[in-house]
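Please model the entire structure based on the sequences and the hints provided.
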Amino acid sequence: MTDVSQPNSAGTPQSSLHRLDARTKRRNAAESRFKFYGIVAILIGLLMLVTLLYTILSKGTGAFSQTFVTMQVELLESKLDKSGTRDLEKIKKVTTFGYAPLIKGAFEKSVLEHGIDTDLKTKDMAKILSKSAASQLRGYVIANPDKIGETIEFRFLANSRVDGYLKGRVSRESIANDKNITAAQLDFVDQLIAAGVLEKTFNIDFIIGADASDQRPEAAGIGVAMVGSLFMMLVVLALALPIGVAASIYLEEFAPKNWITDIIEVNISNLAAVPSIVFGILGLAVFINYMHLPQSAPLVGGLVLTLMTLPTIIISTRAALKAVPPSIRDAALGVGASKMQAVFHHVLPLAAPGILTGTIIGLAQALGETAPLLLIGMIGFIASNMPETIGEGLLSPNSAMPAQIYEWAKRADPAFYERAWGGIIILLIFLISMNTLAVILRRRFERRW
Amino acid sequence: RDQVQVAGSSTVLPYASIVAEAFGENFDFPTPVVESGGSSAGLKRFCEGVGENTIDVANASRKIKDKEIKACAEAGVTDIIEVRIGYDGIVFASDINGNGFEYTPSDWFLALSNEILVDGQMVANPNKTWADVNANFPAQALQAFIPGTKHGTREVFEDKVILAGCEATGAFDVLLASAEGDTDKAKHKAAEKACISLRTDGVSVDIDGDYTETLARIESNKDGIGVFGLAFYENNTDKLQVATMSGIVPSTESIATGEYPVSRPLYFYVKKAHIGVIPGLKEYAEFFVADEIAGPDGPLAEYGLVADPELADTQNAVADEAVLGSNM
Amino acid sequence: MYDIAKMGTDVDQNTTKISARNVQVYYGDTHAIKDVNVEIGARSVTAFIGPSGCGKSTFLRCINRMNDTIDVCRVDGDILIDGEDIYDKRVDPVQLRAKVGMVFQKPNPFPKSIYDNIAYGPRIHGLAKNKADLDEIVEKSLRRGAIWNEVKDRLHAPGTGLSGGQQQRLCIARAIATEPEVLLMDEPCSALDPIATAQVEELIDELRNQFSVVIVTHSMQQAARVSQKTAFFHLGNLVEYGDTSQIFTNPQDERTESYITGRIG
Amino acid sequence: MYDIAKMGTDVDQNTTKISARNVQVYYGDTHAIKDVNVEIGARSVTAFIGPSGCGKSTFLRCINRMNDTIDVCRVDGDILIDGEDIYDKRVDPVQLRAKVGMVFQKPNPFPKSIYDNIAYGPRIHGLAKNKADLDEIVEKSLRRGAIWNEVKDRLHAPGTGLSGGQQQRLCIARAIATEPEVLLMDEPCSALDPIATAQVEELIDELRNQFSVVIVTHSMQQAARVSQKTAFFHLGNLVEYGDTSQIFTNPQDERTESYITGRIG
Amino acid sequence: MPLSWLVLIVLALAAAGYFVGRIRVLKLAGGDVRALHSLPVYYGANVALSAAVPALGVLLLWLLIQPSLIENTVSAMIAPEMIPEGSNLNLVMADVRRVADGLYTAVETGAMNMAQVDALQASADVRATLGELGVALGQDVRPEVLAAAKSYLVASGTGNTARMVVVLALSLTGLVLSMIRTKPDYRARNVVERAVLALLMAAASLAILTTVGIVLSMLFETINFFGLHSWKDFFFGTIWAPNFRGDSELSILPLLWGTLYISFIALLVAVPIGLFAAIYLSEYAGPKTRAFAKPLLEILAGIPTIVYGLFALLTVGPMLINLFGQTGALGVNWMSGATSVLTAGVVMGIMLIPFVSSLSDDIINAVPQAMRDGSLGLGATQSETIRQVVIPAALPGIVGAILLAASRAIGETMIVVMGAGAIAKFSLNPFESMTTITTRIVSQLTGDGDFSSPETLVAFALGLTLFVLTLGLNVLALYIVRKYREQYE
Ligand SMILES: Nc1ncnc2c1ncn2[C@@H]1O[C@H](COP(=O)(O)OP(=O)(O)OP(=O)(O)O)[C@@H](O)[C@H]1O
Ligand SMILES: Nc1ncnc2c1ncn2[C@@H]1O[C@H](COP(=O)(O)OP(=O)(O)OP(=O)(O)O)[C@@H](O)[C@H]1O
Ligand SMILES: [Mg+2]
Ligand SMILES: [Mg+2]
Ligand SMILES: O=P([O-])([O-])[O-]
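Chains as they are written, first to last, in my numbering: chain A, 1 to 449; chain B, 1001 to 1328; chain C, 2001 to 2265; chain D, 3001 to 3265; chain E, 4001 to 4489.
Everything labelled a hint here was simulated from the structure, so no lab data went into it. Just so you know, these numbers come straight off a predicted model, no measurement behind them. Cβ coordinates follow ideal geometry from the N, Cα and C atoms, glycine included. Watch out, some of these pointers could steer you wrong.
[Unchecked claim] Some chain D residues well away from chain A (every beta-carbon gap over 12 angstroms; in silico):
hint	residue
1	I3070
2	C3073
3	G3077
4	D3085
5	K3089
6	R3090
7	A3098
8	K3112
9	E3202
10	E3206
11	Q3221
12	F3248
[To be verified] If we take Cβ atoms under 8 angstroms as the criterion, some of the chain A residues that face chain C in the derived model are:
hint	residue
13	T201
14	K257
15	L299
16	S327
17	D330
18	A331
19	G334
20	V335
21	G336
22	A337
23	Q341
24	L350
25	L437
Right, dumping it as structure tokens:
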């Protein structure tokens, strides 16, 4: 038979598979184009990510190093304890302003010791130091009153202009109108560098320290805010996870399908869309004004963020529960487990990785949130000490990392700007670690059954 | 609670934070907590009531309003101590490498107002460049970054610059003549309102953020002129050059003497009921206005606060715990 | 292999274990089971056969009230086990299901160890006084599930790591562990290969010494091999019920005949 | 009904349409198809039977290279259609699949209207010049799919709203609409009720006048009813291939016999 | 007894009940678990719940009701003529409460005893005494206030004692009753499970509670706002121009327009990029690429929005000017300022990419393989399959993802503040500055205006309106998803 060569229908004339017809070629081209769009889309996304990360890194790494001046300071008894009784109350009477002569003295000594030739007055020399130097000295003296009269080596922060000079942010041209620093002072700085008195090193205080006022950018650190964020995250984790999981279990496993569950469902997805500032309004009204919880406290921040994160956790937990195959539920029911037992013994453990992923994403979102904190008093100048107990950590005033970054970004001294970006780097390290954890969990537990 | 709790104006915040920090260093009291969030939000929380769970001090970049005093009283906050700490200078600055300007209020009115007076008629503002506004100026495109309507600075800008310019150019009289209203007062108000209505074609850009944002705008648009606080300008002299107003260079001195016209007073308010209850509250208030802090040589002035020539009166008032309305 | 003639030798199949009276099942508006009456004997294997969608699974799931978990499902009529109505208000379905075990079409071991798979039921029903007791129950169940030898060395390996046939026998062992009186099996071999199927069938044949086994199958060969009684369902009706040998050799109903001879289904 | 004797009357079945030579299929390390050689005739129905997991579906999917979509799947050996190697580099699987249509086990209409379901293939292959042309193709395909009468009044209703049997016939009509030369069917009736099955079988019987049909089935009755040739697979091997009548009445291989008589599978 | 002690005792009773219940039932069953209806833990839990739940419930109610009861009795003591000029009963009562609170603290800390409190005279400096204890009083205490405060204190003292007795009694009764009921055939599991179910239900209702809280926390100020400002202007006006002098025009429409426009542009960026990325990841990419690209893209969603704001201001704005500005590369002079709807929209779009891509990727993956097989089997190319079969099938889910992204866009603040400017106006030109509802909420709330002026209160009206709008959007989304869901199942 010659069946094979005969056209068997009107539409497709018998053709060799080994030759592409024009239409197929066209369709294949469309195919490649389509795939190309996909690659381009991903590349755009990744490019944006890289640009953002590059911007952040290039602007923020400077915050991790700082310029220090190392000097011998004589703790003059004549200035600090005129009576000589070492009575702490009397020593405390000397305010930080009273410590200025000590610093001037230290400069005098340094200049002599290193044979630096300068016309600068000691008062102007002292200006290259941070304003925190005096309080650093005072703090030391109050802690060690017996050291009065001795000469101790101190490492002082240089002020932000000097630090900027070492980091290339400040130049001799740029300070033309700057009343905070003069060219002569920069010359002096150069001499100090040559003498090895002044150097730029890694600055751990940025990571563990507390905020400083607008005049002392060099002394500001994000550590306490980090602890504030940590406590808020603890609250969120402790509340949002159990409540979110409980709500999801009810909705997914037990709730009858009726209008009440519909209302709850719409509510939850709507809460996910409520601008975060509105949660701040809610927090102020309910937790502070009505329940009288303390202001600026991480506890309140955590509660507000809990309400904000709940929808995220509920939505992803429900998805995780839904993904557990019904056969597992049947199996449990089949051996006589109650529905509650089936859920708690089998479904929940299987959904755990999904739930954790959702929780981590929710936490990450909460970690970066600023607006609601504005209304419950966690933005501003909150230079608390590190909390010592958990209770104190929850209840004593504190800031949070994004709030601190936001606050720094607004301040006048450009040195704060660098710190804001540095803070963003730390925040991002947290976020990326959390994301990585989520990915690892997802990968580790994905479809084990 | 053992620390003083302060909230309010973001303009006062830097000064308050400098004081709070020094206070914490030199006293045995813990460092006060100073929140930002705006004068209005601060006063609102101030007027929430008395007690540990309310704030002790509200910072404000304006005087408390009568309505607010009333709302305070309704919530039991009756004895309020008003403390004026100094003045905030408001300056006009542009990119350091661009043209310098010497303004008068009229220039700003002619640059930004919605309608200006041309040949006795109010017409839609036709000016495109500074040269159109004033022949002495270079032909640089008009672009102004002014505080958004939420900022107190905006009110000062409108009052002391635009309105002054409106009157100086004669536009005010024309507007008053044609203003609608039953009473003189209403007419006056309508004319003022017309004066300060600014053009919306993108020449004048409201900045709702902070001065950092204004600075960033100028950096990305070199033609822009921005409105800044004096303190902010002084910390960024490497990027900005300041313009004079009516021939006066803004500085803490020229503002303190009143030569430079554009400035506003800064305040904080203390709840008398909390004095003696919250440890360190009175000490904080006194420390804030002490000469070594708020005086012309103190750190606040160094940072850019215009010291109050009548600081001594304020110090006495704080020491006496004189409350609002007591001298009326 | 399995001989149909063997059936007659059984003792107990005349004692009624389960009896259904006028059972109707609705899924929302669909009438899935129409007026079924049937008496299922103790210690015997009963097969439900019929074309796809005829309601075999539905009826099977009525017997241990697994249908309760389907929102839209509604059951009318009575089902008595040992003379007690299982749809009575006083009956706790959880307790019922401990008494009426179930094995599903697709093997569904818990993603836990083999030991825990078996121990789960006894644990939640408090069947073991102590660990030793539990160990004993586990071993006994695995032995009765004819899988002990294959898994005794890896009781703490995951149950999901077994082959399909092993998994299904594990599931049967799991169902036996709670000491049920009735064992329901919904197409237990449809996911298995021939060798695994043979093993499970052998097991079923042993189980009927102790349990009343009801098995749904789409394979007439299988029904013929393992069951003593067969019920033929068609479009929700129980068309014919009787001794397996009789159903396959001499069906009374025309529809049964068409089905058996391969003209429908 | 379908008569096995009918087979001999067909004309074309000796013309080879598809021939497979030493085909091996691997899923990763699993050797799923072992050295299969087979010649499938034009205009006839060929049935693949065998126990579950023996590789029927795998081999079927080799014929239109649907296996390409499975990452781990690797095919060795040659498959020729009309003498051309379909695994040749120059062959575009897209073109191939237009020529070799496929119907799946579970009816899978697109979530579109009935009309669009059918028109989908002709549209992407540009088979219709205009709307009227397309309408005609749709009507013709639905007629050949023996479902026209049931759906002609609701062509724009969703295809997913049909009953299972209707859906499966819709899928067949959809496959025919692109004018393929070979039609592969993987257990097309396993999800259907008996009535729907009968309709589909009737349809297959008609289709063989134009197409070369290859059908996988788990039901030997079905194979006997619809096919002219039967291939029996076991554990990845093609054990026996020959005329259906011969395979069912006089199998050569022992394994085939065990399967047919119900001792395995 | 302080409240915390009471709670602790009840909890301790519950804990004890748990163990006793367990032991008792095992004993009754002769140590044989098999003789029990439920596992022993359930009997224990049942006793614990009976001891704790009713008692704590009553305690909670008590805490809510007692103050208002006492308030009523005490306020009867204050005769109308005792209320000073310009004040009202509420204010006086607030004073009474504060003084009573102070006295309570004094007694509690041991600074005074009840006798001393009784002896306290208004003439004595009550304010100073209490101040030392850390209790702030607004003004000196008047005699009638002190008297009322004392009776307030006494009443609440009595109330507290009664509370303690009742709560403990309830707890013990619950304990004993449930112990009596504890018999081997008692259905302890069913009871406990019902209680757990109630807990789960309560957790789910928290969402509703939050909603109610949000609405309530904004409702009163919104009503105040509408008392000061015409609702017609707010909803139907066309100008947004807050003004310190008062008498501002505050209409939501230009803000709504800005919100929608910016969100629209954001979606215009995010949806195609996100969708194509999702398609590539789920349909083309190998598992390795997917495992690597997906989490990387998700980082975009985690970057704090303030960073995006700065990115808009410093990078994207100037870049757009370089393209569309006067001296730009295109030479079109369409754009004069770096802040525009386009700037904010583009940056926001970048932030939203992962919302669309990750969710859509999951959804596309969930489309049954049978759909793809059906199409491929007809000789469709992969892209044809995706465009004509997979995407339509996944559409409801994709719409859901887009709606989520839209919600985020509507609620976003920082990017708009820094990228779009602060001008409220109606314009179609994407190169102009505009602003959104959310940013106006923040700026009116944190601004310098009088806090009881309409210019500040408008924030609450805006917030509530936005809330209602998004609620509507979500109802719509639910409806769409319901309507099209499971079409392919
Ligand atoms: N959950 C459900 N909701 C609605 N209808 C259902 C449901 N489960 C089954 N049905 C319908 O009830 C009828 C009987 O279904 P059932 O599953 O009992 O059949 P079956 O005999 O077990 O079929 P198969 O051999 O395919 O398993 C069918 O028409 C089916 O469509
Ligand atoms: N995607 C896959 N990946 C790995 N192994 C597979 C895959 N698909 C099938 N297999 C294996 O290949 C072998 C043959 O499978 P195939 O699906 O071809 O069997 P079948 O004869 O069609 O069985 P059934 O009657 O159950 O459909 C089986 O062992 C199966 O487990
Ligand atoms: Mg079934
Ligand atoms: Mg198959
Ligand atoms: O924060 P301010 O009130 O000063 O603008």
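Hints, one by one, checked against the model:
no. : hint  : result
1   : I3070 : holds (17 angstroms)
2   : C3073 : holds (20 angstroms)
3   : G3077 : holds (17 angstroms)
4   : D3085 : violated (8 angstroms)
5   : K3089 : violated (9 angstroms)
6   : R3090 : violated (5 angstroms)
7   : A3098 : violated (7 angstroms)
8   : K3112 : holds (20 angstroms)
9   : E3202 : holds (22 angstroms)
10  : E3206 : holds (16 angstroms)
11  : Q3221 : holds (30 angstroms)
12  : F3248 : holds (28 angstroms)
13  : T201  : violated (53 angstroms)
14  : K257  : holds (7 angstroms)
15  : L299  : violated (39 angstroms)
16  : S327  : holds (4 angstroms)
17  : D330  : holds (6 angstroms)
18  : A331  : holds (4 angstroms)
19  : G334  : holds (4 angstroms)
20  : V335  : holds (4 angstroms)
21  : G336  : holds (3 angstroms)
22  : A337  : holds (6 angstroms)
23  : Q341  : holds (6 angstroms)
24  : L350  : holds (6 angstroms)
25  : L437  : violated (22 angstroms)
When the structure is compared with the earlier hints, violations turn up for hints 4, 5, 6, 7, 13, 15, 25 and for no others.
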